[in-house]
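Chain residues, written in single-letter form:
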Amino acid sequence: MSHPPNGPFEFSGADPDLELLREARQAPEGDLRAFEQLVLRYQRRVVANCRYITREPNNAEDLAQEVLVKAYFGLHGFEGKSSSFVDWLQRIKIGHCLRHVKKQAGRSYVGIEEADVDEFDQLKVRVTAETMAEQISDHQLIGRVLDSIPSTLRIPLLLCDMDELSYEEVAQFLGLSLSATKMRIKRGREVFRERYQKMRTAVA
Amino acid sequence: MSPEDAEMRDDEEIDPGEPIAALAKFEHDTSSRLVVRVRQTIQRRTTVGQLTTFSAEMPLAVLRELWVILVGQLDPTGMRKDPRHGAETS
Numbered sequence: 130m131s132h133p134p135n136g137p138f139e140f141s142g143a144d145p146d147l148e149l150l151r152e153a154r155q156a157p158e159g160d161l162r163a164f165e166q167l168v169l170r171y172q173r174r175v176v177a178n179c180r181y182i183t184r185e186p187n188n189a190e191d192l193a194q195e196v197l198v199k200a201y202f203g204l205h206g207f208e209g210k211s212s213s214f215v216d217w218l219q220r221i222k223i224g225h226c227l228r229h230v231k232k233q234a235g236r237s238y239v240g241i242e243e244a245d246v247d248e249f250d251q252l253k254v255r256v257t258a259e260t261m262a263e264q265i266s267d268h269q270l271i272g273r274v275l276d277s278i279p280s281t282l283r284i285p286l287l288l289c290d291m292d293e294l295s296y297e298e299v300a301q302f303l304g305l306s307l308s309a310t311k312m313r314i315k316r317g318r319e320v321f322r323e324r325y326q327k328m329r330t331a332v333a
Numbered sequence: 276m277s278p279e280d281a282e283m284r285d286d287e288e289i290d291p292g293e294p295i296a297a298l299a300k301f302e303h304d305t306s307s308r309l310v311v312r313v314r315q316t317i318q319r320r321t322t323v324g325q326l327t328t329f330s331a332e333m334p335l336a337v338l339r340e341l342w343v344i345l346v347g348q349l350d351p352t353g354m355r356k357d358p359r360h361g362a363e364t365s
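In the order they appear, the protein sequences are chains A and B. One point on numbering: in my numbering, the residue at position 96 of the first sequence is 225, and numbering is uninterrupted. One point on numbering: in my numbering, the residue at position 75 of the second sequence is 350, and numbering is uninterrupted.
The shape of chain B in the complex, shown without the other chains:
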């Protein structure tokens, strides 16, 4: 065994014993508000996410509906094709 290997093996403690072992179970007191804060943050972010999705999709949906109305108005036969479904409507 080389001196380096021996040194390396020496660095590895299988059971460091007390007081090091106490670290494995070490905990810290928390305020009772933490879980409430976590809940509120999750709810806030979820709401923001929904609003963002809505804001992004809304203009496209409005434009699509406007296009459908416009096509319907310009159709001289009074019959129009719904561009979304390809079905004819009166």
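Chain A extracted, bound-state conformation:
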């Protein structure tokens, strides 16, 4: 494994990370300062994604670490012509998290087709007195709502609304048809709104 080479490198003009990327690629071996600036810039997003796609709070930073290391060693493969650094990083992150989810499930696919959306009522988070008594921030509330949504809806929702991928891209990542993807996202948003409102009211 070697340091990313200093080969020819083209960036799309709108990439805000252009300068740091150039420095990261041109830095002498062992000099990670420029890449660390990129890590500091995106680590919170990467961890959030890993945390809520996999629903593993204890594993989120480990996954984020693997994603960022993978990005560093893949810098030489990033040409920057068709996408920005953040989009490229996002793809690495999503691919890594989905592979992790598959691995954890011990299956060869994400169980996205198994969802029975009619059963969601049974999965709804029950508002307990304890929950109501807690004063939680909006950020925590969103986190809790996401945790309460099953993977079948949560993952498409996150890819679409957190990572801002198009429906086609989400469908491609999950190996679903476009119509099924749209349906999942729509249903995911409905469930998210519904539970958010319910929890918001309970907390208030």
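In case anyone wonders, no lab produced these hints; they're calculated from the structure. Note that the Cβ used here is the ideal one computed from N, Cα and C, for glycine as well. One should not assume that every hint holds.
As the list claims (entries may be wrong) - Here are some of the chain A residues that sit facing chain B, going by a computed Cβ distance under 8 Å:
1. Leu-169
2. Arg-170
3. Arg-174
4. Ala-189
5. Tyr-325
Said to hold, decoys possible - A short list of chain A residues far from chain B (calculated; beta carbon distances all over 10 Å):
6. Arg-151
7. Glu-152
8. Arg-154
9. Ala-163
10. Glu-185
11. Gly-209
12. Lys-210
13. Ser-213
14. Arg-220
15. Leu-227
16. His-229
17. Ala-234
18. Ile-265
19. His-268
20. Ser-280
21. Gln-301
Take the given structure of chain A and dock chain B to it, following the hints.
Here is chain B on its own, set in the frame of chain A:
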């Protein structure tokens, strides 16, 4: 428009609004150690990579040098040809 098309169009929300829009800016707190861990992992893997390359190339380099010495020793004229460069040496 077929019912299927209508349903499909209905699935596409251009602006899902709050609270969905909050997801686009959603971040998660990280420990201050994350960047250190990333740095250490990169450095460790780089070192392992260098060691692996060195370990793979070292035996070949040793064999090549041994061959050069051997050819030099067996040459009765006292002149030998460096097999690497084809140049004659004394």
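**Request:** So, Arg-174 (chain A) near chain B? Judge it on the closest CB pair being under 8 Å.
**Result:** Cβ of Arg-174 (chain A) sits 6 Å from chain B, so the hint holds.
**Request:** Mind verifying the non-interface call on Gly-209 (chain A)? Its CB should be farther than 10 Å from each CB in chain B.
**Result:** holds, 20 Å
**Message:** Does Lys-210 (chain A) clear chain B by more than 10 Å, comparing its Cβ with all Cβ atoms of that chain?
**Reply:** Given that every Cβ of chain B is farther than 10 Å from that of Lys-210 (chain A), nearest at about 25 Å, it holds.
**Prompt:** Closest CB-CB distance from His-229 (chain A) to chain B, is it above 10 Å?
**Reply:** holds, 16 Å
**Asked** If you take the shortest Cβ to Cβ gap from Leu-169 (chain A) to chain B, is it below 8 Å?
**Response** At 6 Å from the nearest chain B Cβ, Leu-169 (chain A) passes the 8 Å test, so the hint holds.
**Request:** Taking the shortest Cβ-to-Cβ distance between Ala-163 (chain A) and chain B, state whether it exceeds 10 Å.
**Result:** holds, 12 Å
**Request:** Find the nearest Cβ of chain B to the Cβ of Arg-220 (chain A) and say whether that gap is larger than 10 Å.
**Result:** The claim holds: Arg-220 (chain A) sits with its nearest Cβ about 17 Å from chain B, beyond 10 Å.
**Request:** Compute the least Cβ-Cβ separation between Leu-227 (chain A) and chain B, then decide whether it is above 10 Å.
**Result:** holds, 18 Å
**Message:** Over 10 Å from every CB of chain B: does Ser-213 (chain A) meet that, or does the non-interface label fail?
**Reply:** holds, 16 Å
**Message:** Is the claim that Gln-301 (chain A) lies outside the interface with chain B correct, judged by CB distances over 10 Å?
**Reply:** holds, 17 Å
**Closest C-beta approach of Arg-170 (chain A) to chain B relative to 8 Å, hint status** = Result: violated, 11 Å to nearest chain B Cβ.
**10 Å cut-off, C-beta based - Arg-151 (chain A) kept clear of every residue in chain B** = Holds, because the least Cβ-Cβ distance between Arg-151 (chain A) and chain B comes to about 18 Å, which exceeds 10 Å.
Of the hints listed earlier, those the structure fails to meet are numbers 2, 19, in rising order.
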